[in-house]
Amino acid sequence: MTKYQPITLAAMEGLFHSETGAPIVLVGQNDTDRQKLDNTIYVPKALSFLTHRRWGAEVKGLNEFPRDRWPDNIPLLYYCYHSMVGLGTIFIAIAVAAGFLLWRKQLFGARWILWILMLTFPFPFIANIAGWITAEVGRQPWLVYGLLRTENGFSSHVSAGNALFTLIGFMGMYTVLSVLYLFLMWREIAHGPEFLTGSNAGASVERLSPTAGV
Amino acid sequence: MWSDSAQPQECDTETFWFILVALMVIAYVVLDGFDLGAGIISLFVARTHDERHLILRAIGPVWDGNEVWLVAAAGALFFAFPPLYAASFSGFYLPLMIVLWLLMLRGIGVELRSHVDDPLWWSFFDFVFSFSSVLLAIFFGAAVGNVVRGVPLGADGYFFEALWTDFQVGPHPGILDWYTVVIGLLAVAALTVHGANYVALKTEGDLRARTSGSQPSLVAACDPDRVELGRESVYPAARHQQF
Numbered sequence: 000m001t002k003y004q005p006i007t008l009a010a011m012e013g014l015f016h017s018e019t020g021a022p023i024v025l026v027g028q029n030d031t032d033r034q035k036l037d038n039t040i041y042v043p044k045a046l047s048f049l050t051h052r053r054w055g056a057e058v059k060g061l062n063e064f065p066r067d068r069w070p071d072n073i074p075l076l077y078y079c080y081h082s083m084v085g086l087g088t089i090f091i092a093i094a095v096a097a098g099f100l101l102w103r104k105q106l107f108g109a110r111w112i113l114w115i116l117m118l119t120f121p122f123p124f125i126a127n128i129a130g131w132i133t134a135e136v137g138r139q140p141w142l143v144y145g146l147l148r149t150e151n152g153f154s155s156h157v158s159a160g161n162a163l164f165t166l167i168g169f170m171g172m173y174t175v176l177s178v179l180y181l182f183l184m185w186r187e188i189a190h191g192p193e194f195l196t197g198s199n200a201g202a203s204v205e206r207l208s209p210t211a212g213v
Numbered sequence: 000m001w002s003d004s005a006q007p008q009e010c011d012t013e014t015f016w017f018i019l020v021a022l023m024v025i026a027y028v029v030l031d032g033f034d035l036g037a038g039i040i041s042l043f044v045a046r047t048h049d050e051r052h053l054i055l056r057a058i059g060p061v062w063d064g065n066e067v068w069l070v071a072a073a074g075a076l077f078f079a080f081p082p083l084y085a086a087s088f089s090g091f092y093l094p095l096m097i098v099l100w101l102l103m104l105r106g107i108g109v110e111l112r113s114h115v116d117d118p119l120w121w122s123f124f125d126f127v128f129s130f131s132s133v134l135l136a137i138f139f140g141a142a143v144g145n146v147v148r149g150v151p152l153g154a155d156g157y158f159f160e161a162l163w164t165d166f167q168v169g170p171h172p173g174i175l176d177w178y179t180v181v182i183g184l185l186a187v188a189a190l191t192v193h194g195a196n197y198v199a200l201k202t203e204g205d206l207r208a209r210t211s212g213s214q215p216s217l218v219a220a221c222d223p224d225r226v227e228l229g230r231e232s233v234y235p236a237a238r239h240q241q242f
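Note that the protein sequences, when read in sequence, are chains U and A.
Just so we're aligned: the first sequence equals residues 0 to 213 in numbering that gives the first Met the number 0.
Just so we're aligned: the second sequence equals residues 0 to 242 in numbering that gives the first Met the number 0.
FYI, nobody ran anything at the bench for these hints, they're computed from the structure.
Think of the CB as a built atom: it goes at the ideal place given N, C-alpha and C, for glycine as much as any other residue.
Please note that a few of the clues may not be correct.
Footprint (simulated), chain U over chain A, 3 or more residues, beta carbon under 8 Å [unchecked claim]:
(1) 90-102
(2) 106-117
(3) 148-162
Working from the sequences, and respecting the hints, build out all of it.
This is the structure:
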């Protein structure tokens with residue numbers, strides 16, 4: 000990114016002005032009109048290190064580039080990117096904690112982490128979509144980077160009404176698919192896990208069945 | 000449409016890619032053809048849940064692999080002949096999207112059918128699967144019909160066809176006119192024979208007997224003489240339009 004798409008990188012990180020020893024912002028509200036971030040929580044110099052492998056390196060900000068080459072929706076890009084990276088970091092933390100407990104053979108008894116693991120299930124979907132938006136908004140205003148702008152890339156033979164029709168069609172199709180998916184998932188969850196078969200089967204059934212030993 | 004002042008070497012590359020794309024399209028028609036055909040034939044020969052399930056099981060391991068050939072052909076077209084790709088994908092915009100939707104529906108039919116043990120659920124997804132198979136065959140046939148009949152190519156190398164206009168092979172052709180629909184029905188018949196052969200090969204018992212029994216009438220529908228006749232009668236009309 001630093002080498003090939005510095006404008007997108009600056010927009011994703013909310014770096015409006017070039018900085019030496021640029022910090023990486025974890026949380027902060029994007030004010031694109033005034034070209035600043037509010038209420039930031041940041042790690043000093045981390046962005047310089049991550050991009051140039053030197054703590055004091057200069058990272059180019061958006062001010063270095065002409066405005067008509069900036070992505071057109073910088074706040075959306077900034078928030079999606081930060082959601083994706085933030086969630087990804089949380090996943091790593093949870094995975095490390097759960098992995099540690101699994102190694103200590105305490106995972107299945109530690110209810111707090113099991114709750115966390117269960118309740119975080121929507122987050123990968125959110126991170127996934129946020130990452131997709133980051134890619135699609137981040138590449139604006141280009142359809143082919145540096146060669147073809149999005150505003151020149153529309154089809155002159157397919158009307159906007161036609162495109163809207165197919166967009167609605169796809170939305171309908173995906174709505175049906177989502178409903179079917181949720182229905183089947185709900186059924187699968189309501190059904191519960193299969194009991195183990197084989198040598199362990201007796202033990203688990205005995206422990207799980209309320210009538211066992213009666 | 001692409002560079003006609005091509006050097007001999009370039010020409011060789013283009014010929015090579017033309018053959019390659021053609022081979023991919025043929026591979027798609029032959030391979031996905033039999034599972035489309037199996038979807039169509041299951042409407043006629045499979046009478047019970049088990050028989051429909053058997054036909055699905057017969058194509059189960061291969062149908063999605065077969066469809067990759069279509070992706071490969073479109074991808075190769077994009078890289079090898081971009082102007083052709085651009086012209087055909089914007090000219091055939093709506094029908095291609097409909098084909099995409101039908102392919103989705105068909106995949107849903109195959110994949111979701113066996114998730115719930117309920118006769119209503121089964122018959123619904125059997126219907127989705129067979130219905131989309133039939134329509135896909137018609138659309139693929141109509142696509143061939145459009146290529147044979149010709150499209151109203153503009154001076155800029157582009158065209159746009161509505162899905163249908165007045166169903167006439169006239170100066171304002173639609174994707175679907177009587178000629179392309181007839182070719183679409185021919186495709187349905189041909190793919191049904193193809194699928195019937197596959198089902199007969201892969202199954203036994205009553206289903207196999209019924210599948211084999213349905214073939215003679217289907218083969219008659221694809222009789223080369225009649226197809227030739229159809230083409231003869233349309234060719235002058237199509238040529239007359241000077242597309």
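Each hint tested on the structure:
1. With 5 residues carrying a beta carbon less than 8 Å from a beta carbon of chain U, the segment 90-102 of chain A meets the three-residue requirement, and the given coverage holds.
2. Counting residues of the segment 106-117 of chain A whose beta-carbon sits less than 8 Å from any beta-carbon of chain U gives 4, enough to reach three: the coverage restraint holds.
3. Check result for the segment 148-162 of chain A against chain U: holds, 3 residues qualifying (beta carbon to beta carbon below 8 Å, three or more required).
Hint compliance for this structure: no hint is broken.
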